[in-house]
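Protein sequences appear in the order of chains A, B, C and D. If you read the first sequence in this note's numbering, its first letter stands for residue 1, the second for the next number, and so on. If you read the second sequence in this note's numbering, its first letter stands for residue 1, the second for the next number, and so on. If you read the third sequence in this note's numbering, its first letter stands for residue 1, the second for the next number, and so on. If you read the fourth sequence in this note's numbering, its first letter stands for residue 1, the second for the next number, and so on.
Calculated from the structure, these hints are not laboratory results. Where hints are given, some of them may not hold.
Under the rule of at most 30 angstroms between Cα atoms (straight-line distance), these lysine-lysine pairs were calculated in the DSSO-like manner [as the list claims (entries may be wrong)]:
#1 B:K97 x C:K238
#2 C:K43 x B:K178
#3 A:K171 x D:K43
#4 C:K228 x A:K246
#5 C:K238 x A:K308
#6 B:K60 x A:K178
#7 B:K383 x A:K112
#8 A:K112 x B:K171
#9 D:K217 x A:K132
#10 B:K83 x B:K383
#11 C:K43 x B:K171
#12 D:K238 x B:K83
#13 B:K383 x D:K238
#14 B:K132 x C:K238
#15 C:K238 x A:K383
#16 A:K60 x A:K112
#17 B:K308 x D:K43
#18 D:K43 x B:K112
#19 A:K132 x C:K217
#20 B:K60 x B:K83
#21 A:K308 x A:K83
#22 D:K217 x B:K132
#23 A:K83 x C:K238
#24 D:K238 x A:K178
#25 A:K97 x D:K51
#26 C:K217 x A:K112
Predicted, not measured: the structure shown is a model, and the values here were computed from it.
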Amino acid sequence: MNLHEYQSKFRFEEFGIPVPHGKVAETPEQARLIAAEIGGPVVVKAQVLTGGRGKAGGVKLARSPEEAEQHARAILGMAIRGKIVRKVLVDPAARIKQEIYLGITNDRAARKPVLICSAEGGMDIEEVNRTKPGAIIREHIDPLLGLRGYQINALALGIELPYALWRPFGKIATGLYKCYVDSDATLCEINPLIITENDELMAVDGKMSIDDNALFRHPDLAALRDTSAEPPEEIQAREAGLSYVKLDGQIGCMVNGAGLAMATMDMTSLYGEADGIGPANFLDIGGGADAETVAAALRIILADPNVKVILLNIFGGITRADEVARGVIAAFTEHPTDIPKVIRLVGTNEDQGRALLQAAALPNMSTAMTLADAARMAVAAVKGA
Amino acid sequence: MNLHEYQSKFRFEEFGIPVPHGKVAETPEQARLIAAEIGGPVVVKAQVLTGGRGKAGGVKLARSPEEAEQHARAILGMAIRGKIVRKVLVDPAARIKQEIYLGITNDRAARKPVLICSAEGGMDIEEVNRTKPGAIIREHIDPLLGLRGYQINALALGIELPYALWRPFGKIATGLYKCYVDSDATLCEINPLIITENDELMAVDGKMSIDDNALFRHPDLAALRDTSAEPPEEIQAREAGLSYVKLDGQIGCMVNGAGLAMATMDMTSLYGEADGIGPANFLDIGGGADAETVAAALRIILADPNVKVILLNIFGGITRADEVARGVIAAFTEHPTDIPKVIRLVGTNEDQGRALLQAAALPNMSTAMTLADAARMAVAAVKGA
Amino acid sequence: MSVLIDRNTRLIVQGITGQQGLFHTRQMIAYGTNVVGGVTPGKGGQWVEGKPVFDMVRTARETTGANATVIYVPAAGAADAILEAIDAGIELIVAITEGLPIADMMRVRRVLDQSNSRLVGPNCPGLLTPGQAKVGIMPGHIAMPGSVGVVSRSGTLTYEAIYALTQRGIGQSSCVGIGGDPINGTSFIDVLGLFEDDPETEKIVLIGEIGGTDEQKAAAFIAQRMTKPVVAFIAGRKAPEGRTMGHAGAIVESGVGTAAEKIARFQEVGVRVAETPDQIADLIAR
Amino acid sequence: MSVLIDRNTRLIVQGITGQQGLFHTRQMIAYGTNVVGGVTPGKGGQWVEGKPVFDMVRTARETTGANATVIYVPAAGAADAILEAIDAGIELIVAITEGLPIADMMRVRRVLDQSNSRLVGPNCPGLLTPGQAKVGIMPGHIAMPGSVGVVSRSGTLTYEAIYALTQRGIGQSSCVGIGGDPINGTSFIDVLGLFEDDPETEKIVLIGEIGGTDEQKAAAFIAQRMTKPVVAFIAGRKAPEGRTMGHAGAIVESGVGTAAEKIARFQEVGVRVAETPDQIADLIAR
């Protein structure tokens with residue numbers, strides 16, 4: 001789960017990281033009032049959970065409250081990479097001497113958090129990594145030991161930070177790491193961390209991603225989730241505990257297991273490609289899905305107008321085939337439909353599962369024994385539809 | 001540094017440990033008012049930094065505010081093991097079904113904190129250890145990993161705690177460990193942790209010791225130090241950064257290094273024993289003592305009326321002999337005295353040190369080359385005084 | 001012969017009294033696995049399916065001589081369950097639980113690396129040595145004894161491969177699901193090494209996914225160490241570009257982990273890569 | 001021969017620009033110790049006593065090939081300094097600093113146990129191999145080369161013993177101050193083992209104190225492993241009963257650690273125990 005810039009920065013501040021004292025506006029008028037309260041030039045920044053905000057015109061400098069209002073009017077409602085801007089952050093404008101990059105993320109290969117720092121802040125750090133990899137300093141953190149003082153020194157040295165700023169830099173790095181740990185974050189990023197003309201450090205932009213698997217122990221962070229720009233089916237899927245990604249094809253796929261779901265997607269693409277047929281979605285119902293979860297998955301698939309055929313591919317391990325069958329029957333009883341259904345059900349309790357499906361005698365249903373057969377049948381059904 | 005019961009319990013409460021909601025009184029009248037506010041029976045408990053409080057009559061049950069006042073009057077001003085009681089804690093009396101012991105301390109041999117638990121709470125845990133060692137459950141904690149849930153289970157099982165209380169017990173154990181770590185404690189002890197008649201857990205008595213070496217990072221805890229019952233010379237010594245213990249003899253010892261100070265004590269005892277002569281104190285001026293520290297040490301020794309002779313035994317390592325000499329000269333210039341002084345100064349810069357002392361020509365000063373000589377000379381000087 | 005488990009494995013079940021734990025304990029026993037007991041804190045002294053339940057792994061091990069454990073406890077307690085098993089000195093720990101916070105796994109992994117325990121998983125289907133023992137949630141009846149070792153990051157996709165092999169009459173020596181989490185206990189390399197050293201394993205099936213670099217490392221290991229033929233399958237060729245974790249994440253991962261890249265690396269070192277799950281069995285049969 | 005340090009030791013000084021660090025760097029160089037550089041964060045690029053100063057141990061080691069470090073940084077930063085040296089792979093770490101919080105040392109010790117570094121100290125006077133090198137704060141001129149190994153928990157009391165030996169013309173192979181803190185890096189047993197294996201060391205002086213159980217363990221080790229004669233001295237025979245840490249502490253320590261108990265254990269295993277520091281040299285001379 002990603003946090004907005006303003007949410008990230010407000011949280012950074014709780015961990016002792018200096019940030020501009022801006023406020024969030026949902027209307028142009030609010031933006032004007034905030035700018036007037038701040039006094040002096042401000043920056044009006046679109047709060048939207050995607051990148052490329054600057055290039056899209058979502059960040060503007062305003063020299064007066066009136067100008068702030070105008071910018072907010074232009075930015076609010078704007079679509080950036082398909083996401084509608086519903087809030088702007090109005091921050092006092094900072095006088096920047098230097099821009100630094102400071103971020104923490106998980107290095108899965110090293111199995112440790114890694115602190116990343118660069119004197120080339122303010123720009124896309126991936127770009128820096130491509131063009132000047134030497135400008136990026138990394139320090140891996142022992143998760144049991146935490147961030148050590150000498151590691152912070154290594155970063156400060158690496159970016160040639162003036163010695164007078166080592167102490168405040170150390171406080172910021174320590175605070176960022178503590179924020180990262182205490183938030184179960186997978187990313188805490190300050191870009192840029194600026195040196196002001198008064199030689200102070202300040203986090204001018206911020207970004208946080210939280211480990212979805214850890215949200216159960218962070219109800220305060222879970223409450224920060226902004227679903228206003230999310231497709232409703234994805235919200236529904238998440239609430240039902242399903243992993244769902246919308247795609248462009250016609251075959252609504254419901255599969256248990258991410259790998260099998262990907263393979264199902266791959267296979268329908270493979271057999272359908274020539275005819276412009278492919279998967280309408282990636283949908284993993286997870287390991288222990290019960291009848292209710294399966295029904296929720298079917299509702300989400302049926303809500304997609306592109307879907308011409310439903311392909312259920314279930315290999316029963318922890319999810320028992322009879323449970324799945326009950327879920328399928330329940331879902332189609334709730335939303336009766338003539339849409340063609342290709343069902344492949346194997347694994348634990350497969351005989352009971354198939355027996356239940358046969359007994360239910362759903363309309364337009366066919367069954368397959370192998371994934372290849374199921375994919376071919378689904379593609380053929382789209383062509384026949 | 002030890003905390004009072006009330007300080008420990010108030011701090012435990014910050015870490016989510018349930019404690020009785022009592023208050024501290026410094027007068028009998030305050031005790032009556034607190035008892036009236038609590039309503040019902042209360043316990044009036046002497047707040048004094050020593051053990052044996054109960055046997056000395058420092059803990060009394062009161063059924064009315066008037067009775068609480070009477071008990072407070074008796075207890076306040078009482079001396080328990082030489083310490084004057086200046087405060088009492090007035091706690092609501094608890095209805096006790098069972099008493100448990102729960103404590104954390106450092107196991108220096110294992111180099112880890114250890115959680116100790118016993119179903120035989122409420123009494124002296126050392127006594128339990130002697131008589132029923134099997135009744136004591138220990139769990140060592142990995143300092144990098146912290147206290148784990150299964151370790152708490154092991155303790156709960158070990159004391160045969162009813163399963164319904166495992167959860168609240170786990171919160172208390174976790175809170176106590178967090179308190180221990182966050183406070184740089186060397187001891188956090190709840191004795192007894194009671195099961196009330198309503199089947200709730202509550203920390204009825206508490207004790208904390210803080211690592212003196214870590215107080216620099218805990219100004220809030222350092223401020224809790226109660227010096228009202230400490231001898232003034234020990235307070236002075238601590239403030240000057242000296243390690244000082246008052247003893248009964250006549251030879252005021254000033255030594256650098258705890259081992260050498262102990263050996264000096266041992267030697268003066270050895271040579272003086274037959275004549276009832278011995279060390280007046282243990283005084284370690286530490287590793288890097290400068291002139292000011294040495295002068296402070298001398299002031300403390302000279303304030304002891306028992307002291308008939310001063311024995312300075314300095315072996316220069318990190319403390320340079322010339323620095324010590326300057327300190328000695330400064331101290332005796334500030335407090336001129338005819339008291340006999342035996343000075344032994346060897347090690348780094350010893351020649352400069354001795355030259356400075358010779359030049360200063362202090363009255364009644366003699367010098368020795370070996371510790372044995374110095375001890376014998378000091379004993380002889382006491383006999384001659 | 002087999003890898004990791006066989007009929008002599010003495011297994012305990014952590015979370016034996018939970019719904020999933022109980023269901024799969026029955027399945028494992030029915031398959032012939034030597035389940036010697038279970039652990040649920042607070043339920044020590046009970047009996048489940050004729051097996052003793054203990055409050056702690058420590059006591060379970062002392063009493064039963066267990067040398068393996070399978071973990072079905074919910075995600076919030078799974079890291080603690082793994083640490084408990086490590087602390088109790090259990091040699092083989094199989095964690096089925098999915099959804100472990102990554103921070104928990106980083107700590108677990110750090111402790112694991114200094115222990116004598118092996119962890120398989122988390123978020124994995126477990127292990128299956130056909131005809132001898134199954135530990136976890138794999139449907140046992142789709143497998144048959146033989147000489148193909150199967151190792152996979154995917155759960156259900158593993159079953160596909162086993163099913164296809166069995167249908168062609170090709171048996172398996174052992175099947176190992178290592179789990180798809182970013183940080184886990186056992187890697188492809190670990191299992192490839194075990195199969196290479198197992199006299200009964202003649203060929204190996206490796207099932208990978210997009211993301212991470214485990215498959216690339218496996219390719220390098222195969223080139224250096226393996227003498228036995230390996231057939232691979234990579235899921236996610238047609239996956240849409242994932243939502244990245246953010247910029248720092250993208251740097252760390254360095255843009256690696258596409259199916260195309262992984263397939264290329266395998267082909268470079270002579271590993272045959274199947275286009276569809278069905279083809280896996282074809283390539284093995286050749 | 002000698003233990004831990006000799007003329008080939010390549011030493012860096014952590015905290016070289018501080019008052020104590022600078023003073024003792026001069027003393028160590030004057031004694032002939034091969035000081036190859038120093039470390040003070042933020043002062044990299046400076047030169048002190050003709051030695052280069054680095055910002056980090058890592059770079060100091062890379063540049064100078066240092067294999068030992070001595071730490072003079074204040075207590076608040078000392079744990080970090082030790083961890084930095086461990087992280088940089090320095091083989092021998094000597095921490096002079098006193099007053100380290102015990103919680104810091106528990107963490108350091110945990111990391112140390114999984115590393116290839118040896119820590120001597122903290123709160124110790126360091127090491128002295130007469131005529132070759134000194135690392136720490138021991139006054140070098142009181143020692144002379146010879147065949148007696150000295151190991152001690154006490155700082156200044158060690159000097160007493162060395163001084164007395166030298167005055168009787170008895171030289172030392174190496175002198176090791178292990179420090180008096182409750183948790184340290186190197187124990188009596190470690191050093192006794194080194195002396196036992198050092199061909200140049202013929203006899204050993206061990207100086208202990210009241211408190212803890214290190215001396216008792218040393219006695220057991222001497223009985224089991226040592227062939228060379230050991231003379232011991234224990235400070236604190238006349239010490240008043242210490243102020244205990246509290247009840248739980250007393251249980252853990254189990255009432256052990258009196259001088260009488262330690263002396264008895266040594267005498268039981270044939271170690272001669274001196275009554276006064278002066279007697280140490282007498283007993284060695286016999």
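Going down the list of hints, with the structure as the test:
1. Distance check on the hinted pair: B:K97 and C:K238 sit about 66 angstroms apart at the alpha-carbon level, beyond 30 angstroms; violated.
2. Between the alpha carbons of C:K43 and B:K178 the distance comes to roughly 28 angstroms, so the proposed pair stays at or under 30 angstroms and holds.
3. Simply put, A:K171 and D:K43 have alpha-carbon atoms about 20 angstroms apart, close enough for the 30 angstroms limit, and the pair holds.
4. Restraint check: the Cα-Cα separation between C:K228 and A:K246 comes to about 41 angstroms, which exceeds 30 angstroms; the hinted pair is violated.
5. A hinted pair counts as satisfied when its Cα atoms are at most 30 angstroms apart, and C:K238 with A:K308 qualifies at roughly 20 angstroms.
6. Proposed proximity of B:K60 and A:K178 is contradicted: the alpha carbons are some 46 angstroms apart, above 30 angstroms.
7. For the hint linking B:K383 to A:K112, the alpha-carbon distance of about 70 angstroms lies beyond 30 angstroms, and the restraint is violated.
8. The hinted pair formed by A:K112 and B:K171 meets the criterion: a straight-line CA distance of about 29 angstroms does not exceed 30 angstroms.
9. A C-alpha spacing of about 57 angstroms is found between D:K217 and A:K132, which places the hinted pair above 30 angstroms, so the restraint is violated.
10. For the proposed pair B:K83 and B:K383, the alpha carbon gap of about 34 angstroms is over 30 angstroms, so the pair is violated.
11. Between C:K43 and B:K171, the direct Cα distance comes to roughly 20 angstroms. Compliance with the 30 angstroms bound is thereby established for this hinted pair.
12. Simply put, D:K238 and B:K83 have alpha-carbon atoms about 24 angstroms apart, close enough for the 30 angstroms limit, and the pair holds.
13. For the proposed pair B:K383 and D:K238, the alpha carbon gap of about 21 angstroms is at most 30 angstroms, so the pair holds.
14. Annotation: proposed proximity of B:K132 to C:K238 is violated, straight-line Cα distance about 68 angstroms (limit 30 angstroms).
15. Only pairs whose Cα atoms come within 30 angstroms are accepted, and C:K238 paired with A:K383 is accepted, the gap being roughly 21 angstroms.
16. Under the criterion of a C-alpha separation no larger than 30 angstroms, the hint pairing A:K60 with A:K112 is inconsistent with the structure, at around 37 angstroms.
17. Distance restraint check for B:K308 and D:K43: the Cα-Cα separation of roughly 51 angstroms exceeds the 30 angstroms cut-off, and the hinted pair is therefore not satisfied.
18. Between D:K43 and B:K112 the alpha-carbon distance is near 36 angstroms, which puts this suggested pair outside the 30 angstroms criterion.
19. Only pairs whose Cα atoms come within 30 angstroms are accepted, and A:K132 paired with C:K217 is accepted, the gap being roughly 26 angstroms.
20. Between B:K60 and B:K83, the direct Cα distance comes to roughly 18 angstroms. Compliance with the 30 angstroms bound is thereby established for this hinted pair.
21. A hinted pair counts as satisfied when its Cα atoms are at most 30 angstroms apart, and A:K308 with A:K83 qualifies at roughly 28 angstroms.
22. Pair hint D:K217 plus B:K132 holds up; C-alpha atoms about 26 angstroms apart against a cutoff of 30 angstroms.
23. For the proposed pair A:K83 and C:K238, the alpha carbon gap of about 25 angstroms is at most 30 angstroms, so the pair holds.
24. Note on D:K238 and A:K178: the hinted pairing is violated, with a Cα-Cα distance of about 49 angstroms set against a maximum of 30 angstroms.
25. Restraint check for A:K97 and D:K51: not satisfied, since their Cα atoms lie roughly 35 angstroms apart, outside the 30 angstroms limit.
26. In summary, the hint linking C:K217 to A:K112 is supported, as the alpha carbons are separated by about 18 angstroms, within the 30 angstroms threshold.
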